[in-house]
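There are 2 protein chains.
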Amino acid sequence: MNQQQLQARAQELRQQYESVFAQKLNLDLTRGKPCSEQLALSDALDGILGNDYRCEDGTDSRNYGGIMGIPEARRFAAAYLGTTPERTMVGGNSSLQFMYQIVTSALYHGVRGAASAWSREAAAAGGKVRFLCPSPGYDRHFAICEALDIEMIPVAMNDEGPDMDQIEALVKADPLIKGIWCVPKYANPDGVVYSAAVVSRMAALGKIAGAHFRILWDNAYAEHHLVDNPPELANILALSEAAGTLDNVYVIGSTSKITHAGAGISFIASSEANLKSLADQLIIATIGPDKVNQLRHMRFLKDMPTLRELMQQHRAILQPKFEALLRELEAGLSGKQVNGAALGEWTVPQGGYFVLFNTQPGLADTVVKLTAAAGVKLTPAGSTWPYRKDPANNNIRLAPSFPSLPEISAAMKVFVLCVELASIERALAQ
Amino acid sequence: MNQQQLQARAQELRQQYESVFAQKLNLDLTRGKPCSEQLALSDALDGILGNDYRCEDGTDSRNYGGIMGIPEARRFAAAYLGTTPERTMVGGNSSLQFMYQIVTSALYHGVRGAASAWSREAAAAGGKVRFLCPSPGYDRHFAICEALDIEMIPVAMNDEGPDMDQIEALVKADPLIKGIWCVPKYANPDGVVYSAAVVSRMAALGKIAGAHFRILWDNAYAEHHLVDNPPELANILALSEAAGTLDNVYVIGSTSKITHAGAGISFIASSEANLKSLADQLIIATIGPDKVNQLRHMRFLKDMPTLRELMQQHRAILQPKFEALLRELEAGLSGKQVNGAALGEWTVPQGGYFVLFNTQPGLADTVVKLTAAAGVKLTPAGSTWPYRKDPANNNIRLAPSFPSLPEISAAMKVFVLCVELASIERALAQ
Numbered sequence: 001m002n003q004q005q006l007q008a009r010a011q012e013l014r015q016q017y018e019s020v021f022a023q024k025l026n027l028d029l030t031r032g033k034p035c036s037e038q039l040a041l042s043d044a045l046d047g048i049l050g051n052d053y054r055c056e057d058g059t060d061s062r063n064y065g066g067i068m069g070i071p072e073a074r075r076f077a078a079a080y081l082g083t084t085p086e087r088t089m090v091g092g093n094s095s096l097q098f099m100y101q102i103v104t105s106a107l108y109h110g111v112r113g114a115a116s117a118w119s120r121e122a123a124a125a126g127g128k129v130r131f132l133c134p135s136p137g138y139d140r141h142f143a144i145c146e147a148l149d150i151e152m153i154p155v156a157m158n159d160e161g162p163d164m165d166q167i168e169a170l171v172k173a174d175p176l177i178k179g180i181w182c183v184p185k186y187a188n189p190d191g192v193v194y195s196a197a198v199v200s201r202m203a204a205l206g207k208i209a210g211a212h213f214r215i216l217w218d219n220a221y222a223e224h225h226l227v228d229n230p231p232e233l234a235n236i237l238a239l240s241e242a243a244g245t246l247d248n249v250y251v252i253g254s255t256s257k258i259t260h261a262g263a264g265i266s267f268i269a270s271s272e273a274n275l276k277s278l279a280d281q282l283i284i285a286t287i288g289p290d291k292v293n294q295l296r297h298m299r300f301l302k303d304m305p306t307l308r309e310l311m312q313q314h315r316a317i318l319q320p321k322f323e324a325l326l327r328e329l330e331a332g333l334s335g336k337q338v339n340g341a342a343l344g345e346w347t348v349p350q351g352g353y354f355v356l357f358n359t360q361p362g363l364a365d366t367v368v369k370l371t372a373a374a375g376v377k378l379t380p381a382g383s384t385w386p387y388r389k390d391p392a393n394n395n396i397r398l399a400p401s402f403p404s405l406p407e408i409s410a411a412m413k414v415f416v417l418c419v420e421l422a423s424i425e426r427a428l429a430q
Numbered sequence: 001m002n003q004q005q006l007q008a009r010a011q012e013l014r015q016q017y018e019s020v021f022a023q024k025l026n027l028d029l030t031r032g033k034p035c036s037e038q039l040a041l042s043d044a045l046d047g048i049l050g051n052d053y054r055c056e057d058g059t060d061s062r063n064y065g066g067i068m069g070i071p072e073a074r075r076f077a078a079a080y081l082g083t084t085p086e087r088t089m090v091g092g093n094s095s096l097q098f099m100y101q102i103v104t105s106a107l108y109h110g111v112r113g114a115a116s117a118w119s120r121e122a123a124a125a126g127g128k129v130r131f132l133c134p135s136p137g138y139d140r141h142f143a144i145c146e147a148l149d150i151e152m153i154p155v156a157m158n159d160e161g162p163d164m165d166q167i168e169a170l171v172k173a174d175p176l177i178k179g180i181w182c183v184p185k186y187a188n189p190d191g192v193v194y195s196a197a198v199v200s201r202m203a204a205l206g207k208i209a210g211a212h213f214r215i216l217w218d219n220a221y222a223e224h225h226l227v228d229n230p231p232e233l234a235n236i237l238a239l240s241e242a243a244g245t246l247d248n249v250y251v252i253g254s255t256s257k258i259t260h261a262g263a264g265i266s267f268i269a270s271s272e273a274n275l276k277s278l279a280d281q282l283i284i285a286t287i288g289p290d291k292v293n294q295l296r297h298m299r300f301l302k303d304m305p306t307l308r309e310l311m312q313q314h315r316a317i318l319q320p321k322f323e324a325l326l327r328e329l330e331a332g333l334s335g336k337q338v339n340g341a342a343l344g345e346w347t348v349p350q351g352g353y354f355v356l357f358n359t360q361p362g363l364a365d366t367v368v369k370l371t372a373a374a375g376v377k378l379t380p381a382g383s384t385w386p387y388r389k390d391p392a393n394n395n396i397r398l399a400p401s402f403p404s405l406p407e408i409s410a411a412m413k414v415f416v417l418c419v420e421l422a423s424i425e426r427a428l429a430q
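For the protein sequence lines, the chains are A and B, in the order given. Position 124 of the first sequence, counted from 1, bears residue number 124 in this note's numbering, the numbering being contiguous throughout. Position 113 of the second sequence, counted from 1, bears residue number 113 in this note's numbering, the numbering being contiguous throughout.
Source of the hints: derived by calculation from the structure; they are not laboratory data. Note that the structure is a prediction, hence the values are computed from the model and not measured. Misleading hints may appear alongside valid ones.
The list makes no distinction among identical chains, and a pair is therefore deemed to hold if it is satisfied within one copy or across any two copies.
[What the hints assert, rightly or not] Computed cross-link-like contacts, BS3-like style, restricted to lysine-lysine with a CA-CA straight-line distance of at most 27 Å:
1. Lys276 / Lys377
2. Lys389 / Lys276
3. Lys377 / Lys336
4. Lys207 / Lys369
5. Lys413 / Lys377
6. Lys207 / Lys389
Using the sequences and the accompanying hints, generate a full structural model.
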């Protein structure tokens with residue numbers, strides 16, 4: 001389009017925008033929350049115990065104790081995470097709490113006694129504790145680092161996962177890099193599944209990074225497929241054991257997006273020594289996990305085949321939502337260009353909860369503001385980056401799970417309108 | 001008794017002990033755990049939702065969010081703790097987790113920003129952060145301090161509560177004293193109920209101890225009576241508000257010994273500013289409390305009158321157990337003397353979960369070892385004191401809630417035998 005055509009198109013879009021604005025929409029694509037229909041798939045949880053509160057080993061789930069979790073839940077966690085029950089621990093409703101406890105404790109009290117405290121090592125070296133953050137990534141991982149004043153170093157993501165050359169070079173050069181956040185399957189927000197080569201190099205990372213380095217392998221979407229033949233993720237626990245680096249790895253999962261989002265159970269797997277250390281800390285910080293809820297979950301989820309059937313029901317609800325979202329992107333933006341460049345590009349995820357949309361560089365915040373003013377809430381621009389600073393200012397995370405199909409279509413029509421409008425108005429202003 | 005009579009009695013007791021020893025008993029009076037009959041009083045919890053997961057304000061309890069707790073639970077907590085819903089927060093299954101979070105965060109991150117961090121103030125003063133610990137007290141409070149390297153200063157307890165003269169003098173002299181642990185009603189383990197005068201002086205303590213001082217008021221046994229006309233505990237929140245010291249006080253409670261011990265909900269009350277600060281931390285550390293379990297509890301407990309009826313059912317189970325325990329103490333030890341002193345003294349609690357027994361000075365560890373060898377487990381001697389160091393070595397905490405009546409009687413017969421045996425054998429050795 002020449003300048004005149006651009007102006008005409010801008011005027012047209014402005015008019016459309018004004019009319020949307022007048023509708024006072026109230027739509028929300030911000031968080032990866034399951035919708036009511038998904039939550040209802042697990043409503044049998046309440047009442048499933050039928051007054052039988054005994055665990056398989058005879059433990060009374062109602063009473064105190066059992067910091068490692070009940071035996072049937074540990075066996076389930078082992079199958080889910082890919083290890084043995086002895087290398088698992090089952091917790092309460094928030095896997096984030098496991099991660100927070102691990103990082104806090106390693107920082108202040110040490111992974112193996114006070115002398116190994118990250119903060120002590122940093123103070124001795126006159127530096128700061130640092131974490132690697134494959135970005136874009138999950139804002140709540142980054143929030144833990146920010147709250148604990150751990151410096152975050154963004155690491156590039158590509159189609160195979162984080163850039164391992166960059167990671168290996170960084171940890172080799174800087175002994176104060178003490179951890180890395182990973183969402184290895186259907187990564188939040190870009191949907192990437194780490195390749196076997198990446199997982200293998202990640203498993204060996206402890207040999208370069210040292211004994212006190214920790215990989216937080218948040219496999220939050222392990223079974224959350226949107227396709228028939230889902231990609232496989234290599235087993236980092238098996239690879240780490242082979243590499244002699246099992247102490248460097250924590251694998252984390254939960255039922256938050258399987259049963260009831262806020263009322264599920266969480267799993268963690270690592271070396272026996274790490275789990276003992278974690279249990280020793282947790283025994284100070286809590287009376288133990290809610291074993292009744294663990295038992296409920298085991299009576300309901302039973303085994304991996306049963307869980308996978310449930311995940312197919314989730315998929316039946318989610319897939320049309322992703323399709324509706326992608327359809328609007330396709331219809332509204334495909335083939336369109338401004339300044340010789342596409343108006344944006346987006347992921348077509350095979351699983352997980354998000355579509356990542358990239359605007360032309362520098363436009364994400366403008367688009368988010370425009371849609372917000374028109375009544376469509378999006379995750380704040382930058383929020384998928386450490387310190388909320390997206391260097392290219394182009395990432396927008398779209399989450400279609402919670403709204404209804406008509407709401408998704410309506411919201412996405414506003415979105416594509418705002419993307420085009422922002423792109424053209426900038427071109428005109430340049 | 002003269003020396004000869006003592007020797008004869010010792011021989012007689014030794015024989016009795018040998019015959020008990022041969023029985024290979026396996027009895028346990030260690031922990032304040034509810035028994036199965038008590039837990040069963042709340043078995044209606046599972047299934048009570050009847051597929052209606054909506055909170056009174058329409059919130060879907062199954063989904064994420066709601067760090068402050070659901071509205072009906074906050075209203076309930078306000079009635080339970082003696083304040084308004086705005087000054088409450090409702091959490092997960094462990095009130096200890098609230099306490100751990102408060103202490104950890106104040107220590108490392110400050111009660112009002114990083115500059116107020118206790119650790120920073122201590123480092124600047126070249127000293128250590130310290131806590132006052134009315135003793136004997138609750139071992140899991142002390143464990144938090146020990147894990148965080150907070151120095152514990154034991155404070156004497158008397159019939160009215162902690163020695164307030166001592167406390168006021170200590171905090172006046174030492175600005176690094178940053179907190180105090182209190183179980184103000186039916187204190188663990190001595191059963192003391194703090195007098196109105198003590199509560200009033202405690203409420204004013206912040207004026208001496210400073211803005212960053214915190215009272216952890218763990219009212220764990222608020223409604224856990226064993227008598228008809230239970231003593232009243234003055235409302236420290238109301239008194240603190242009047243004194244302008246509300247920021248200095250956290251009042252904590254839970255349903256752990258009301259419904260299911262390991263699967264209840266926890267309450268906390270403080271100033272709005274403190275709760276905001278706590279919520280800001282918890283939002284980093286967790287996805288939020290299990291709202292489904294909060295809703296279950298509210299459908300089940302309903303209101304304070306309903307809760308109090310339930311507590312009467314607990315009392316009906318517990319009171320005979322306390323009576324059995326006290327009966328054996330009375331029968332086995334009352335009126336007996338060695339070296340001109342009673343063989344022991346014990347509390348007759350009006351509520352709570354414990355009887356505190358004091359041996360003659362220096363004999364607690366011997367008695368605990370003797371009973372253990374005879375198959376009767378007691379809480380380790382010293383465990384009710386900071387660093388497990390009971391200076392008089394005479395406190396033994398007895399917990400009759402979990403065992404059956406015959407088990408209590410059997411265990412207590414062994415106990416009184418061991419108390420007399422230990423007392424006489426020491427007298428003979430002197």
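So, going through the hints one by one against the coordinates:
no.: 1; hint: Lys276 / Lys377; in the structure: between (43 Å within a copy, 25 Å between copies)
no.: 2; hint: Lys389 / Lys276; in the structure: between (37 Å within a copy, 26 Å between copies)
no.: 3; hint: Lys377 / Lys336; in the structure: within (24 Å within a copy, 78 Å between copies)
no.: 4; hint: Lys207 / Lys369; in the structure: neither (45 Å within a copy, 48 Å between copies)
no.: 5; hint: Lys413 / Lys377; in the structure: within (13 Å within a copy, 70 Å between copies)
no.: 6; hint: Lys207 / Lys389; in the structure: neither (31 Å within a copy, 43 Å between copies)
Of the numbered hints given earlier, the model fails hints 4 and 6; all others are met.
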